[in-house]
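A.B. asks: Given these sequences and hints, build the entire structure.
Number of protein chains: 2
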Amino acid sequence: MQSNPNYAYVRGQVLPLEKATLHISDLSIQRGYGVFDYFRVHNGKAVFLDKYLERFHASAKAMRMALPISDGELKAVIQELIQKNSMPLAGMKMILTGGYSSNGYDLAEPSLVIFQQPLILPGAEMLENGIKIITHEFVREVPQAKTINYTMGIRLIDEIRQRGASDVLYQRNGVVSEFPRCNLFIVKQDGAVVTPAENVLLGVTRKNVLDLAGKKYKAAEGTVTLEDIFQAKEVFLTSTTKRIVPIVQVDEQVIGNGKPGEVTLSLLQDLIRLEEQVGMQS
Amino acid sequence: MQSNPNYAYVRGQVLPLEKATLHISDLSIQRGYGVFDYFRVHNGKAVFLDKYLERFHASAKAMRMALPISDGELKAVIQELIQKNSMPLAGMKMILTGGYSSNGYDLAEPSLVIFQQPLILPGAEMLENGIKIITHEFVREVPQAKTINYTMGIRLIDEIRQRGASDVLYQRNGVVSEFPRCNLFIVKQDGAVVTPAENVLLGVTRKNVLDLAGKKYKAAEGTVTLEDIFQAKEVFLTSTTKRIVPIVQVDEQVIGNGKPGEVTLSLLQDLIRLEEQVGMQS
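One line per chain: the protein sequences are A and B, in this order. Using my numbering, the letters of the first sequence map in sequence onto residues 29 to 310. Using my numbering, the letters of the second sequence map in sequence onto residues 29 to 310.
Just so you know, not all the hints are guaranteed correct.
Here are the in silico distance ranges between beta carbons for each label pair [claimed, not checked]:
1. B:ASP99 with A:ASN131: 37 to 47 Å
2. A:GLN259 with B:ILE185: 41 to 51 Å
3. A:GLY219 with B:ARG189: 21 to 31 Å
DMTMM-like mimics (lysine to aspartate or glutamate), calculated; alpha carbons at most 20 Å apart, straight line [what the hints assert, rightly or not]:
4. A:LYS216 with A:GLU290
5. A:LYS47 with B:GLU46
6. B:LYS270 with A:ASP134
7. B:LYS270 with B:GLU153
8. B:LYS79 with B:ASP298
9. B:LYS121 with A:GLU46
10. A:LYS121 with B:ASP134
11. B:LYS47 with A:GLU46
12. A:LYS89 with B:GLU187
13. B:LYS270 with B:GLU304
14. A:LYS270 with B:ASP134
15. B:LYS89 with A:GLU187
16. A:LYS79 with A:ASP239
17. A:LYS261 with A:GLU290
18. A:LYS89 with B:GLU46
19. B:LYS121 with B:GLU153
20. B:LYS89 with A:ASP186
21. A:LYS73 with A:ASP99
22. A:LYS235 with A:GLU304
In case anyone wonders, no lab produced these hints; they're calculated from the structure. Glycine included, each C-beta is placed from N, C-alpha and C at the ideal position.
C.D. replies: As structure tokens, then:
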């Protein structure tokens with residue numbers, strides 16, 4: 029058992045991580061051009077892999093690229109990395125870039141890179157107390173694609189810290205969309221569970237939580253405004269690495285009674301159960 | 029004399045180009061995070077180098093980064109590459125990325141990469157006939173910085189070609205700003221030369237042309253609308269690699285008499301003369 033991954037896949041080869049490089053002509057380095065996806069590996073199993081691969085293909089297509097290997101080959105590479113790296117809990121990231129461009133602008137044969145990262149799930153304290161978030165006026169350029177462009181998110185890291193928050197929610201003209209790396213949900217006063225429909229990345233965890241919520245509550249995609257958030261009973265975020273995290277403050281406004289809500293914590297239990305079921309099936 | 033560059037500078041080392049790589053943990057590959065700048069090298073001399081370095085520093089600062097070496101060291105590296113590569117006419121590109129990030133998100137010690145590219149100046153035909161451009165609704169995320177993010181520009185390459193155009197001009201709500209890699213100028217019916225003031229990269233060639241125009245005509249930065257363009261006597265673009273190129277059609281509208289204008293061609297002569305003067309001084 030080791031804490032750090034040791035092998036990565038780069039343009040057709042499995043290599044020791046320290047040798048995993050791309051030439052400077054790659055369009056990710058030259059023009060920030062690429063898409064990626066990211067899934068969890070639990071006890072040697074890739075969780076919800078097919079859903080992540082489906083989205084990876086969709087992101088590539090939205091950016092006029094295609095994967096250079098088949099899904100079968102891709103799954104074999106993923107399996108090889110899981111075995112070689114032998115990490116009980118980890119994330120695995122796949123990046124597809126515009127490739128080694130001869131003029132530094134036109135697309136070439138895409139570069140596919142795959143590697144693992146250590147993963148720490150949110151601790152008990154975060155779930156017990158919830159987090160504060162801030163808001164920022166912004167919509168991503170290609171919201172339907174998981175592009176590698178995090179210029180805005182990374183520029184905002186300092187502001188998030190300075191304001192004592194854990195994340196930043198994008199909004200435009202008072203209509204909210206998503207976080208740099210997470211989706212948003214609210215529970216309205218009437219108990220309905222709603223997640224923004226437009227200008228968001230279609231998160232795999234977002235979809236799972238929406239399905240789980242639909243079994244117990246009124247649940248739908250829809251328009252969510254800042255005012256809806258301030259009036260909400262509960263607010264939470266979802267992501268692959270964080271599952272569900274309760275939000276108890278947005279900018280300077282406390283949400284509900286300032287504590288993680290029942291619906292939020294109940295859905296988290298449902299999600300963990302779903303992951304365990306899928307793990308046993310595969 | 030050789031047609032292709034053979035050496036590049038990567039994170040402190042001058043290397044043969046084929047060995048010029050960045051590790052996959054670099055924030056350019058992980059998050060498209062970086063800035064760059066680009067200047068011309070004529071007969072072994074870097075043209076207007078100090079202006080480009082000043083802008084490179086400003087872009088880095090806007091993205092919360094700083095160059096890892098001093099300007100003196102940077103100029104020595106540039107000189108070494110010019111001598112080793114021995115290209116009579118070339119561009120030189122400097123890229124500064126967020127560095128080798130331990131978690132793939134937080135900024136690290138920036139990676140500085142410098143290399144040369146062959147350069148072809150616009151041919152006589154382009155200057156004699158002018159070009160067609162199209163327009164697209166968009167404003168760059170951090171217009172004041174020369175970031176590596178060209179997601180939009182590269183996604184539009186196909187549309188530009190399909191519509192028989194040479195470039196795409198960004199506009200929002202009818203107010204135009206810039207091209208992915210060039211600035212815009214118009215000559216109004218009253219002879220005034222105007223370039224957009226807001227949401228543009230402050231091009232070095234843009235500034236040189238604005239100064240040159242001010243010596244002969246009324247010249248200023250200001251608001252330029254699509255309507256201003258359609259009513260203009262002349263329209264042209266400026267860039268480091270293209271100098272000045274006349275624009276004779278915007279979307280389906282012909283500009284002026286459909287031929288490159290006098291002011292445009294006169295300013296191009298002035299610019300070439302200025303470059304020659306600077307070349308002789310240095």
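A.B. asks: Does each hint hold? Answer for all of them.
C.D. replies: We went through each hint and held it up to the structure:
The hinted range of 37 to 47 Å is not satisfied by ASP99 of chain B and ASN131 of chain A, whose Cβ atoms lie roughly 28 Å apart. At about 45 Å, the CB distance of GLN259 of chain A to ILE185 of chain B agrees with the hint of 41 to 51 Å. Separated by about 53 Å at the C-beta atoms, GLY219 of chain A and ARG189 of chain B break the suggested range of 21 to 31 Å. Of the supplied pair hints, the one linking LYS216 of chain A and GLU290 of chain A holds, its CA atoms being roughly 13 Å apart against a limit of 20 Å.
Among the hinted pairs, LYS47 of chain A with GLU46 of chain B is consistent with the structure: their alpha-carbon atoms are about 15 Å apart, no more than 20 Å. Distance check on the hinted pair: LYS270 of chain B and ASP134 of chain A sit about 17 Å apart at the alpha-carbon level, within 20 Å; holds. Only pairs whose Cα atoms come within 20 Å are accepted, and LYS270 of chain B paired with GLU153 of chain B is accepted, the gap being roughly 13 Å. As the CA atoms of LYS79 of chain B and ASP298 of chain B are separated by approximately 19 Å, the hinted pair is consistent with the 20 Å bound.
In summary, the hint linking LYS121 of chain B to GLU46 of chain A is not supported, as the alpha carbons are separated by about 26 Å, beyond the 20 Å threshold. Distance restraint check for LYS121 of chain A and ASP134 of chain B: the Cα-Cα separation of roughly 16 Å lies within the 20 Å cut-off, and the hinted pair is therefore satisfied. Proximity of LYS47 of chain B to GLU46 of chain A is assessed by CA-CA distance (about 15 Å); at most 20 Å being required, the pair is judged to hold. For the given pair, LYS89 of chain A sits about 16 Å from GLU187 of chain B by alpha-carbon distance, which is consistent with the 20 Å threshold.
Straight-line distance between C-alpha atoms of LYS270 of chain B and GLU304 of chain B comes to about 16 Å, which keeps the hinted pair within the 20 Å bound. With a C-alpha separation of about 17 Å, the suggested pairing of LYS270 of chain A with ASP134 of chain B holds against the 20 Å cut-off. Taking the CA atoms of LYS89 of chain B and GLU187 of chain A, the gap is near 16 Å; set against the 20 Å cutoff, the hint holds. Taken as a hint, the LYS79 of chain A and ASP239 of chain A pair is honoured in the structure, with Cα atoms around 14 Å apart against an allowance of 20 Å.
Between the alpha carbons of LYS261 of chain A and GLU290 of chain A the distance comes to roughly 10 Å, so the proposed pair stays at or under 20 Å and holds. Our distance criterion of 20 Å between C-alpha atoms is broken by LYS89 of chain A and GLU46 of chain B, whose separation comes to about 30 Å. Between LYS121 of chain B and GLU153 of chain B the alpha-carbon distance is near 27 Å, which puts this suggested pair outside the 20 Å criterion. With a C-alpha separation of about 14 Å, the suggested pair LYS89 of chain B and ASP186 of chain A falls inside the 20 Å cut-off, and the hint holds.
With a CA separation close to 16 Å, the supplied pair LYS73 of chain A and ASP99 of chain A stays within the 20 Å bound. Taking the CA atoms of LYS235 of chain A and GLU304 of chain A, the gap is about 17 Å. The hint holds against a cut of 20 Å.
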